[in-house]
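Colleague: Take a look at the letters that make up each chain.
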Amino acid sequence: MAYLINPEDQDLLDSVREFCEKEIKEQCKEYDVSGEWPAEIYKKAAELGYNGLEVPEEYGGLGLERITVAALMEEFAKADAGFVTTITASNLALKAVLIGGNEEQKQHCCDLLMEGNHGAFCLTEPMAGSDAGNSKTTAVREGDEYVLNGRKCFITNGGVASFYVVTAMTDKSQGVKGMSAFLVEAGTPGLSTGNHENKMGIRTSNTCDVVFEDCRIPASALMGAEGEGYKIAMKTLDMSRTWVGCGAVGIAQRAIDEAVAYGKQRITFGKPILKNQGLQFMIADMEIRVETARQMVAHALKLMDAGLPYSRESAIAKCYAGDIAVQNALDAIQILGGYGYSREYPVEKLLRDAKIFQIYEGTNQIQRMVIGKSVIGKF
Amino acid sequence: MELLVCIKQVPDDSVTVTLDPATGGPQLKDITPVVNAFDTYALEMATRFKEANGGSVTVVTIGDEAALTPSLRSCLSVGAEHAYVVTEPAAVSALGKSYLLGKAAGKLAEGPFDVIFCGCESTDTADGQAGVQLAEQLGLPVITNVLELEPKDGGISAKQETEEGYRVVEAPCPCVVTVTKPAYEPRYPSIKSKMAARKMPIGTLSAADAGAEEARVAAAPAKRVVLAAPPQRQSGVKIQEKEAAESVRRAMEMLAGQKLI
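These protein sequences, in sequence, are chains A and B. 362 is the number that our numbering gives to position 362 of the first sequence; each next residue is one higher, with no gaps. 192 is the number that our numbering gives to position 192 of the second sequence; each next residue is one higher, with no gaps.
Pulled out of the complex, with its shape left as it was, chain A reads as follows:
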């Protein structure tokens, strides 16, 4: 079953669902082929406040419960995983600011999202993906400024963001403890973006390099203290992983929806294919996976609500939901048979979209390291 949300919020879910049906689902097929960022769709979504769903009430947000936001995010993901990636990535940058920024920085970024802008979180580098501590980007203090130099890659919203959370080494000799985080405004001289990546899936999200060449930012752009960047980034990822899991659940659910709709009307040997127990079992397994993944997301959110530790659960939610999204997409393709393999039908896109959920926001191997270490502990 769907997330148990406050009954009062059901009308929000209904209106988001209507928007997804009428404005995203079909339209994104074309953008999936072209790889173009659908600015018009994002503009409409921004006008309806979809960029600011996670902005806390004290900073001008709407005060939505996390579980309600999860239900809305699942609808976005069901319609198009690239769309939910764009929204989630803005919120990823926001989380970093809420975790490590000062009041002014928090308010500024919340205002930007409430106004319908996007944010980008710049941690990954060509030689620093899973090994995020191996960052080569530097920030050198010169008077009242820092000078940034380096290249970030695979940055979601890189080319469309209004603000960037950037990690850079302020003291290489300290390793990860020499990493700091900065809030950088779009348009800052020295900040440029590379080509939009030609990706396998989530093609309606913008992904590109973000390059810093003698990019001067005020010293006040530092988030927290020097050396706190890695800690801020890890805390941010801990929290955001659950939301990535939430998106993966949406893909996995869409796979079921498509498989069931097709399987009811596809006739072989004189009866709909879903009259066959073999396929009923496949649908059951798909449902078991999506429901357990959804409840894991809900559980991690509940821990956040309660102020309890959630790192392990967040990693489980992301890792498991990412894995089952791929499996459900594969099963949906199998149920649709040759049509499932055709681009005329929607399920092959689900597989291309789902795959990234095992890779970004920490690969599922990294998630297993997090989970394993948390279970085993130091010994």
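Since the hints were made in silico from the structure, they are not lab data. Note that the structure is a prediction, hence the values are computed from the model and not measured. Please note that a few of the clues may not be correct.
To be verified - 25 Å max Cα-Cα, derived DSS-like pairs, lysine-lysine:
#1 A:Lys-275 to B:Lys-181
#2 B:Lys-50 to A:Lys-44
#3 A:Lys-25 to A:Lys-355
#4 B:Lys-50 to B:Lys-107
#5 A:Lys-231 to A:Lys-29
#6 A:Lys-264 to B:Lys-29
#7 B:Lys-181 to A:Lys-25
#8 A:Lys-22 to B:Lys-107
#9 A:Lys-231 to A:Lys-136
#10 B:Lys-29 to A:Lys-44
#11 A:Lys-43 to B:Lys-192
#12 A:Lys-25 to B:Lys-192
#13 B:Lys-50 to A:Lys-43
#14 A:Lys-44 to B:Lys-192
#15 A:Lys-199 to A:Lys-355
Mind docking chain B on chain A? Use the hints.
Modeller: What follows is chain B alone, placed relative to chain A:
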């Protein structure tokens, strides 16, 4: 200008309705109630008119308050400032509804209204009577099938859809307009406007509050004789020859064979 929009809640028109063989009536169970599509166009037109020219938009409907609250909240989230339910008396005819709406319109605090908007018809019964009957009840001019609306010389100027195209019709205020599908879609509610609509009051008034006479509310000069599903469309003949000339020849043969030409 003060604008009033009359809305009706109907079963979702995107769902195919079948007749219940036991009762002879439509099977509406499990079909989500929604605001009549033409009324949503009327509300959007009124809201755009308000945004361009000032004033406020009030929506009114007839029926059960609890059942109608979601629809009214939905209207409040896409442009209406005030909402009212006229609680339905035991018996109310189609003509009685127009009478009741007319009476209620005169009692609402936001009135008197300069323009009263109705959808040109409802997607359930599709009588297309409410707007013109309401105008008749109130002794007001009415412009039907309106596509666009703008103020002119203290009154309004409307682009009216006709069978051939459209024409421009003017009327003094107050007046009634019935709205057909304009060139735009109704706006979506934002998360913020949805949440704000939850806190907005919904006023109620009874038929007696509206000053309506029970007998006139119930009076039904038109009687429904039978409710029947339209016959299923027979599948046609597809003419798809390789050459257009050959297709035409076959079509002509068939028409001649049926003695149609």
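Colleague: Look at each hint and say if it fits the structure.
Modeller: Quick rundown of the hints versus the structure:
Under the criterion of a C-alpha separation no larger than 25 Å, the hint pairing Lys-275 of chain A with Lys-181 of chain B is inconsistent with the structure, at around 43 Å. Pair hint Lys-50 of chain B plus Lys-44 of chain A holds up; C-alpha atoms about 22 Å apart against a cutoff of 25 Å. Distance check on the hinted pair: Lys-25 of chain A and Lys-355 of chain A sit about 19 Å apart at the alpha-carbon level, within 25 Å; holds. The straight-line distance between the Cα atoms of Lys-50 of chain B and Lys-107 of chain B is roughly 21 Å, inside the 25 Å bound, and the hint therefore holds.
At most 25 Å may separate the alpha-carbon atoms for a hinted pair to count; Lys-231 of chain A and Lys-29 of chain A exceed this at roughly 39 Å. Distance check on the hinted pair: Lys-264 of chain A and Lys-29 of chain B sit about 23 Å apart at the alpha-carbon level, within 25 Å; holds. Proximity of Lys-181 of chain B to Lys-25 of chain A is assessed by CA-CA distance (about 24 Å); at most 25 Å being required, the pair is judged to hold. Under the criterion of a C-alpha separation no larger than 25 Å, the hint pairing Lys-22 of chain A with Lys-107 of chain B is inconsistent with the structure, at around 39 Å.
Distance restraint check for Lys-231 of chain A and Lys-136 of chain A: the Cα-Cα separation of roughly 17 Å lies within the 25 Å cut-off, and the hinted pair is therefore satisfied. Simply put, Lys-29 of chain B and Lys-44 of chain A have alpha-carbon atoms about 34 Å apart, too far for the 25 Å limit, and the pair is violated. Distance hint between Lys-43 of chain A and Lys-192 of chain B is fulfilled; the C-alpha atoms sit about 16 Å from each other, no more than 25 Å. Straight-line distance between C-alpha atoms of Lys-25 of chain A and Lys-192 of chain B comes to about 23 Å, which keeps the hinted pair within the 25 Å bound.
With a C-alpha separation of about 24 Å, the suggested pair Lys-50 of chain B and Lys-43 of chain A falls inside the 25 Å cut-off, and the hint holds. Among the hinted pairs, Lys-44 of chain A with Lys-192 of chain B is consistent with the structure: their alpha-carbon atoms are about 14 Å apart, no more than 25 Å. Among the hinted pairs, Lys-199 of chain A with Lys-355 of chain A is consistent with the structure: their alpha-carbon atoms are about 11 Å apart, no more than 25 Å.
Comparing the model with each numbered hint stated earlier shows that hints 1, 5, 8, 10 do not hold.
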